[in-house]
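Each protein sequence line maps, in turn, to chains A and B. Residues in the first sequence are numbered consecutively from 1, following my numbering. Residues in the second sequence are numbered consecutively from 1, following my numbering.
Treat the hints as calculated values from the structure; they're not laboratory data. A couple of the hints might just be wrong.
Claimed, not checked - Chain A is nowhere near these chain B residues, computed Cβ spacing over 12 Å in every case:
| hint | residue |
| --- | --- |
| 1 | Arg-104 |
| 2 | Asp-106 |
| 3 | Gly-172 |
| 4 | Val-313 |
| 5 | Tyr-354 |
| 6 | Ala-402 |
| 7 | Ser-407 |
Stated by the list, open to error - Pairs of lysine to any residue, SDA-like flavour, derived with a Cα cap of 20 Å:
| hint | chain 1 | residue 1 | chain 2 | residue 2 |
| --- | --- | --- | --- | --- |
| 8 | B | Lys-187 | A | Lys-187 |
| 9 | B | Lys-31 | B | Asp-91 |
| 10 | A | Lys-187 | B | Ala-74 |
Positions of the beta carbon are idealized from the N, C-alpha and C atoms, including for glycine.
Number of protein chains: 2
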Amino acid sequence: MPTPNAVQARPHVVIVGAGFAGLSATIALRKARVDITLIDRRNFHLFQPLLYQVATAGLTPADIAWPVRSILRAQRNARVVLGTVTGVNTDAREVRLHDASCHRYDWLVLATGASHNYFGNDAWAAVAPGLKRVDDATDIRRRILVAFEHAELCDDPFERARLMTFVIVGGGPTGVELSGAIAELAKVALARDFRRIDPRQARIILLEGGPRVLATFPEALSIHAQRALEKLGVEVNTVARVTRCDNEGVIVNDQRLPAGTVIWAAGVAASLAAQWVGAAGDRAGRAQVEADLSVPGKPEIFIVGDTAAVTNVDGSPVPGIAPAAKQAGRYVAQVIAAAVQGTPRPAPFRYRHYGNLATIGRHEAVIDFGRFTLSGGLAWWVWGIAHVYFLIGMRHRFLVAAQWMFSYLTFGRGARLIAGSEGDVRIRPKDVAPMR
Amino acid sequence: MPTPNAVQARPHVVIVGAGFAGLSATIALRKARVDITLIDRRNFHLFQPLLYQVATAGLTPADIAWPVRSILRAQRNARVVLGTVTGVNTDAREVRLHDASCHRYDWLVLATGASHNYFGNDAWAAVAPGLKRVDDATDIRRRILVAFEHAELCDDPFERARLMTFVIVGGGPTGVELSGAIAELAKVALARDFRRIDPRQARIILLEGGPRVLATFPEALSIHAQRALEKLGVEVNTVARVTRCDNEGVIVNDQRLPAGTVIWAAGVAASLAAQWVGAAGDRAGRAQVEADLSVPGKPEIFIVGDTAAVTNVDGSPVPGIAPAAKQAGRYVAQVIAAAVQGTPRPAPFRYRHYGNLATIGRHEAVIDFGRFTLSGGLAWWVWGIAHVYFLIGMRHRFLVAAQWMFSYLTFGRGARLIAGSEGDVRIRPKDVAPMR
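Let the hints inform the model, and build the full structure from the sequences given.
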């Protein structure tokens, strides 16, 4: 905050969450006469759409993460607090943090995102991790690589086959991208690295509960994506109901499917933001918000991004993707700036849909632009260029593009580290079933 | 192993440790008529000389690590086992792993390296981590970055000053490089990122027990290095005896020095290799070996690298640096290959010293070539080019050079992630003292 005097004079905007929504709101308020406190429990902004590449050893965490402080270095009306929010007192207008410190707000923006939804089976989280955070990605990377290492040492052919079976639950974009990338990792990058096992024989099985993968895309693209996955060697099972995940694999449609690695990409659960402020939530816990994204009855509180259930002006639901979160963040910044300046309140939030993208593998992606669709090689190049473009700063663009270039030319994967404190092979039993 | 027949016919060389010594031995045996099993508890080879840059957010772990499997992909007489050795049965000629599996050997090369030596105060390890493994580096990076975050939130000026004090114990190359890099991180890269604290006021204190830093270098270079560090704002205290490390800082020369972060770069303890094979060890636990690097009385077992105490042909001790480890690894490969082929045993190991290097900061390094020395900007360029050259493969060379280029041009640090399961601010109390 610039000077102690200004602190008194200017309204205080507290923004919780430095994801796409929260960061966009902060930046869009850079010229407003407000003081901003941006709170996040991590010190970095994460480009989640590429997180699956960290999980499959194509990129490293630092390639898709930026210290929030350095992004906002020059924005003098913003300060960054590393902290975990534990609750909101809407009467006192205070946000409470893990260390019992409180931040008074005049305006509050909650952009706390979502995590995995195991639909009541939270015990599955230990055996079937989801992919939302950097730590999830390095954990999944470790599990995949350790599975091959254990298979190489394993004498029992059944156990070896189990260790080399990878199950991805959920056929949305994350599930499709993960299964394609694991298939390429196993069948190309690792192909000649082992002596006793042949990683090309790994089974990658994508289980989708509905009748087709990429359910939010046009049906033709779903069919294209499924065929492209199958060409990579992924087994795609639709109308597959998973009723159990454990150390031995999954039970799907009442049949036991032995697997060494299970990854959860099936459901999303909103953060606790709705509960903090007493807003009604939908089944996934997403807060119901007004047309201006504020909480009903609390016009000074906004909920944006994956933790809000927003209906577009045309009545369709706003999807949980990065462009929607960014637009929502920028919109509430406009609303707050208008109120502070005393100018008229902007029209209701209108989400502009530019398209849906999902990549499957080398030279294979699908894009739904609404009016027309793209698939195959051209879509893949568009996908790659768009993602490099959306990264922040030349350094990250250059490093990601360079690593993709090396992977493209060499068919290799650069970040095959089994790291973390469980990085050596003395894995806890709950992570990887013991070898027999 | 190529075919089951060949397994019977060819001698089996077991190499433990995929560091510089073990990996060099493996590669040098690529044309020998032997089968090699290379065992390491990690799946990657680590370029330890640049680990301090991971600890100070300049590089990411994947930049200086290579999957051992991909390095040895084309070497058909080598296989890689991810495993932790728990002992050696020298009578049965078997290496035992964590999972109770055994590997019979005809020749055994132990290259298991070294870890930190707290000189009997092992409890200090929790508060003053050393820098040997990737996890150490990310842990130290986290501690440094979290210290600034906590200082930003701290209202007590004494506690804030403590959090912004960084103590490095040990003035060898690692200690010098770490203190220089932390000073540059605090005083340049982080300088404008905070609102309440000024990271340029951070204290970086290097404590050396002896009379000068870089004790193994010529005295003129020690003086140069100390002045260069002081120019960066590092306080260098020589003849400093540390008698306690705890959550509040250190006690040095009987005075309490409050510090939020303490890093241990003072002592090296060899691995258990000497004990496994019943060899005599020196004070640091390094095995005494014969002139051909074999264990006295056991000509089929060699101990190489940081876990061996080797005397050069001229009577001087061989230093614990990467080139020495590589030379020793290649030498024992020659000895084994000669024995297998029935050619005469090579002459005793002769270490060729090319020089000692240490970098201090931007445009500042010292190099001792023996006949002459270099310091300052030219030494820094030589240091950088030499290190890029010694990385394995174009991908790593390119990525490291690119990141250095960006850091050089922008004065920034690219990998400022607080990651790991303790990455959010709910740090365990033993890591960072609670805020008051």
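- Message: Output the indices of the hints that this structure fails to meet, ascending.
- Response: Of the numbered hints given earlier, those the structure breaks are 6, 7, 8 and 9, listed in rising order.
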